[in-house]
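S.K.: Sequence:
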Amino acid sequence: MSKIKEQGMKYNLYSWSAQKKINPMVVSKAEGVYFWDEDGKKYYDMSSQLVNSNLGHGHKKLIQAIKDQAEKMAFMGPGYSVDVRSEAAQKIVELSGLEGAKVFFTNAGAEANENAIKMAKAYTGKWKIFSAYRSYHGATFGASMLTGEPRRFIAEPGVPGFIKYDGPYAYRAPKACNFKSEEDVTAFYLELLENQFLYEGPDQIAGIFFETVVGSNGILIPPKGYYEGVRALCDKYNIVMICDEVMAGFYRTGTAFAFHQFNVKPDLVTFAKGATCGYVPLGGVIVSEKIAKIFDEKKMYSGLTYSAHPMGCATTIATLDAYKEENIADNVAQQGKVLAEILDDFEKKHACVGQVRHIGLFSCVELVKSKETREPIVPFNNDAEGLMPKIVGMLKVEGFSTYSHENMILVAPPLNITETELRDAMKIMDKVLDSVDNMIK
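The opening position of the sequence shown corresponds to residue 1 in the UniProt record's numbering, with each subsequent residue numbered one higher.
Calculated from the structure, these hints are not laboratory results.
We put the CB at the ideal spot given by N, CA and C, even for glycine.
Any given hint could be a false lead.
[What the hints assert, rightly or not] Keeping only pairs whose Cα atoms sit at most 20 Å apart, straight-line, the calculated SDA-like set for lysine to any residue is:
#	residue 1	residue 2
1	Lys390	Ala30
2	Lys224	Lys431
3	Lys324	Gln261
4	Lys431	Lys324
5	Lys396	Pro24
6	Lys224	Leu192
[Said to hold, decoys possible] So the derived label-pair ranges between C-beta atoms look like this:
#	residue 1	residue 2	range
7	Asp296	Asn23	34 to 42 Å
8	Gly58	Asn12	45 to 53 Å
9	Ile294	Gly8	40 to 48 Å
10	Glu297	Arg374	52 to 60 Å
Throw the hints in and build the complete structure from the sequences for me.
M.R.: Take a look at the structure:
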């Protein structure tokens with residue numbers, strides 16, 4: 001064991017892990033869509049780390065922005081007006097297209113969601129918050145309550161008022177549904193949602209959260225008309241519509257924000273990851289005009305020591321400029337089409353691939369034991385044999401780095417990846433899926 005790894009294992013606690021069962025790789029450098037281990041082996045970063053390294057590693061413009069701001073003013077408290085804070089907020093609001101909106105800056109996505117909860121409650125005077133079962137909104141206490149998947153369990157029993165609903169997932173819907181079209185899927189899930197609103201009492205429901213496109217829990221893309229229907233229900237019952245764009249924002253799906261893919265305007269939008277591409281921490285809430293206005297006279301009970309950190313804001317400005325200068329939206333459109341063709345071919349070719357789902361450079365491969373029964377390759381929340389970590393490990397051995405969740409493998413490379421890099425990386429996945437086909441025979 002290298003000195004770095006030995007020291008790390010002795011003094012660090014690693015996320016979401018039983019410490020004696022992990023073997024963290026020592027990374028020596030990173031550049032573009034690659035990183036290298038201490039032995040000099042190169043890996044494709046095909047998950048953009050945690051779907052945040054949208055512009056890859058070693059981006060000179062972002063690094064220079066950090067250096068310049070550190071020399072000028074490394075920190076100033078959140079009660080002051082600072083040039084980069086003002087400019088970053090303006091750029092984000094303009095990018096969102098939500099005229100009259102304002103930004104409250106946080107350190108990361110979980111804190112953005114925490115503060116969005118409070119804003120929805122302050123605006124409506126109500127207390128219940130809806131969020132989907134298949135969702136992840138962060139690991140702080142309130143964000144854990146929002147989270148629908150099993151990572152919330154450690155925080156339970158938690159704060160009262162957090163209600164879970166079933167979001168659209170046609171591939172795993174009850175067999176009796178027998179959907180004939182996207183419109184059927186939409187009608188079914190909207191009826192479920194409205195019924196639940198009525199049973200929970202619309203006069204008590206402050207807000208409803210969505211990962212605009214569900215991330216680690218399966219890249220679930222809402223069916224046609226779903227968000228328009230949700231928007232109508234929110235307007236009908238005075239419920240705040242909150243889009244969590246922590247993963248899906250900043251061109252990951254092809255548009256500046258994922259909600260731009262759908263004919264809808266949310267009331268609150270949370271963001272992080274792609275705002276700075278992970279170079280420094282920063283997140284925030286885009287607050288629509290109607291909600292922001294209540295804080296003109298009413299005290300806003302939100303505050304963080306590092307809110308609107310100057311180095312984070314400076315990096316955000318550089319990042320948003322780089323997205324435009326490098327025509328990232330066009331590249332996502334081009335490479336997203338390539339990725340879609342490759343993944344669709346995998347679904348036809350590989351016995352272990354039940355379904356692929358993709359939008360822009362945001363995609364996953366859902367692994368099954370049988371295409372006919374759609375039985376997942378591992379039981380829900382139970383991978384006793386470590387099969388998915390084994391498959392992810394097989395990919396890594398070949399130089400393809402990503403992560404899995406339940407029976408799904410995420411594919412979300414940096415947004416500036418080239419076609420050659422993308423095709424070469426996906427050849428590795430193709431090869432490993434051949435092996436997985438043999439494993440399920």
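S.K.: Hints the structure violates: just list their numbers, smallest first.
M.R.: Hint check: 1, 2, 4, 7, 8 fail, others pass.
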